[in-house]
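So the protein lines, in turn, are chains A and L. Numbered by the working numbering, the letters in the first sequence go through residues 1 to 239 in order. Numbered by the working numbering, the letters in the second sequence go through residues 240 to 484 in order.
To be clear, the hints were calculated from the coordinates, so they are not data collected in a lab. Accuracy of the hints is not assured; some may be wrong.
As the list claims (entries may be wrong) - 27 Å max Cα-Cα, derived DSS-like pairs, lysine-lysine:
#1 57/A - 16/A
#2 57/A - 76/A
#3 121/A - 331/L
#4 124/A - 170/A
#5 76/A - 331/L
#6 76/A - 16/A
Unchecked claim - According to the in silico footprint, chain A covers these stretches of chain L (three or more CB under 8 Å from chain A):
#7 323 to 333
#8 475 to 484
Said to hold, decoys possible - Simulated restraints on C-beta separations:
#9 13/A - 469/L: 29 to 39 Å
#10 173/A - 272/L: 30 to 40 Å
#11 262/L - 121/A: 20 to 30 Å
#12 269/L - 21/A: 30 to 40 Å
C-beta: ideal position from N, C-alpha, C; glycine also.
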Amino acid sequence: MTSAIEVQDLVVERGKRRVLHGLTFAIPRGSVTGLLGPSGSGKTTLMRAIVGVQVVKSGSITVLGEPAGSAPLRRKVGYLTQAPSVYADLTVRENARYFAALYGYDAAIADRAIADVGLAKAAKQLVGTLSGGQRSRASLACAIMGEPELLVLDEPTVGQDPVLRDDLWKQFNDLAGKGATILVSSHVMDEAGRCERLLLIREGTLIADDTPAAVRAAAGTDDLDEAFLRLIRAQAVAA
Amino acid sequence: MSVRILGATIVRILRQLLHDPRTIGMLIVVPALLLALLYFMYDDQPAVFDRIALVMLGVFPFVIMFLVTSIAMLRERTTGTLERLLTTPLGKLDLLFGYGIAFGIAAAVQASVAAALAYWLFDLDTAGSSWLVILIAVTNAVLGVALGLFCSAFARTEFQAVQFMPVVAVPQILLCGLFVSREQMAGWLEAISNVLPLSYAVEALQQVGANAEPTATLWRDVGIVGGCVVVALVLAAATLRRRTA
Chain A
1 MTSAIEVQDL VVERGKRRVL HGLTFAIPRG SVTGLLGPSG SGKTTLMRAI
51 VGVQVVKSGS ITVLGEPAGS APLRRKVGYL TQAPSVYADL TVRENARYFA
101 ALYGYDAAIA DRAIADVGLA KAAKQLVGTL SGGQRSRASL ACAIMGEPEL
151 LVLDEPTVGQ DPVLRDDLWK QFNDLAGKGA TILVSSHVMD EAGRCERLLL
201 IREGTLIADD TPAAVRAAAG TDDLDEAFLR LIRAQAVAA
Chain L
240 MSVRILGATI VRILRQLLHD PRTIGMLIVV PALLLALLYF MYDDQPAVFD
290 RIALVMLGVF PFVIMFLVTS IAMLRERTTG TLERLLTTPL GKLDLLFGYG
340 IAFGIAAAVQ ASVAAALAYW LFDLDTAGSS WLVILIAVTN AVLGVALGLF
390 CSAFARTEFQ AVQFMPVVAV PQILLCGLFV SREQMAGWLE AISNVLPLSY
440 AVEALQQVGA NAEPTATLWR DVGIVGGCVV VALVLAAATL RRRTA
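Can you build the whole structure from these sequences, using the hints too?
Structure, rendered in structure tokens:
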């Protein structure tokens, strides 16, 4: 089984609105896949469905060979929410050690995750007193710790400076090199160039599922920003 | 459910409390202040003070822990930490019992301080032992926690959660036998009172007030309150959904 994630005809409705319209795709193991699309296109909903916290209308999602959200997956999947979801009234270290305890990791792994996101100096600070970017990184530390088999990251680099962004992407690629599968959502197109595969989503449908090179070729431009715009407009015209 | 995860959750919740000295201060000082108020209100009627303060030692922890727990649980929902926790190996019971035990410990501290002050400073007089009073007060606090966990499922915001207090806590206070003795209530009111857990907690306290030795009624009442805690926690677990729309 070479797919980390297999999605088949996934339909998700939130309230009366259909957010995902029958998505079908597969993400191979050990790859870095970018999930890109305008805001409101369903990226977060798709990620929530993959980690098993989204009510699904129909269709199937298989993650690492098991149905999405099943108990054995919970220790293999790291999830980062879009808004930082760490405890503002605990220090960075206390947050990390709590999540480490949930997964059964020791304190050393928690501390290494904190260092990996560049918060070693701020480890003893209350998360509520951190800047927005630091808080996002504290949240990220709790997702990447222990090198999970699958990392689902919802906009992990938003609000970070270019140096830090570069550093984080190196780490994502390192983890993928060791066999982890990474699904990253982003608005920032030059990050799309660092992914092996791209999933472009607009209004709940996939408009591209290919490598960055193929997307560039299909759109007829080297700039991924421009490529994405052309693909969206082409689809809007066709619709 | 895992002992390791439950233990880590209890420690985490207590650490959150420890980082909040203002809350700790209020949890410990407010019941004492309210008791002082009662003491001065019934300055020349020590028997009435004994009757009311004893019941209040059970009611204050219930009300305070109900509020604190609903808000704490709502905060987990609104900040997204609850959703994140549900993608980890943490089980629902780990979280619910974690809150029950952690806030139970906080309530034990609160009840002990309030009882100590009531007995030593305000000359509270009961026929039975003060340890029984503390035990019932802590059981009551845990009831407040369990009901708070359950009711937080029906609120989307802290604003709504706070408004559950007049719905859940105040009727129980009015009908528990403090204002009007339960036998003297109209039949239908007494029937309602009979299904409210706080009525049994208050009756247990009144048993301690009147009898030197613990009575069978006392243990029965404590058992009923304990049973209500379990039911509330089971209902809270049922309403805690991993998948949301």
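Pair hint outcome, residue 121/A versus residue 331/L [Cα-Cα no greater than 27 Å]: violated, 34 Å
Is the straight-line distance between the alpha-carbon of residue 124/A and that of residue 170/A 27 Å or less? holds, 26 Å
Below or equal to 27 Å on CA atoms is what counts here, so check residue 57/A against residue 76/A. Holds - the C-alpha atoms of residue 76/A and residue 57/A are around 25 Å apart, at most 27 Å.
Can the stretch 323 to 333 of chain L be counted as covered by chain A under the rule of three residues or more with Cβ-Cβ separation shorter than 8 Å? holds (count 7)
Taking 27 Å as the top limit, are the C-alpha atoms of residue 57/A and residue 16/A close enough? holds, 12 Å
Counting residues of the stretch 475 to 484 of chain L that have a beta-carbon nearer than 8 Å to any beta-carbon of chain A, does the count reach 3? holds (count 4)
A range of 30 to 40 Å was offered for this pair. Does it hold for the Cβ distance of residue 173/A and residue 272/L? violated, 59 Å
That 20 to 30 Å hint for residue 262/L and residue 121/A (C-beta), does it hold up? The hint (20 to 30 Å, Cβ to Cβ) holds, given that residue 262/L and residue 121/A are roughly 28 Å apart.
Within 29 to 39 Å: is that where the Cβ-Cβ distance between residue 13/A and residue 469/L falls? With a Cβ separation near 36 Å, residue 13/A and residue 469/L satisfy 29 to 39 Å, so the hint holds.
Restraint status (C-alpha distance of residue 76/A to residue 16/A at most 27 Å): violated, 33 Å
Taking 27 Å as the top limit, are the C-alpha atoms of residue 76/A and residue 331/L close enough? holds, 19 Å
The hint says 30 to 40 Å between residue 269/L and residue 21/A; measuring C-beta to C-beta, is that right? Because 54 Å falls outside the window, the suggested range is violated.
Hint compliance for this structure: hints 3, 6, 10, 12 are not met, and every other hint is.
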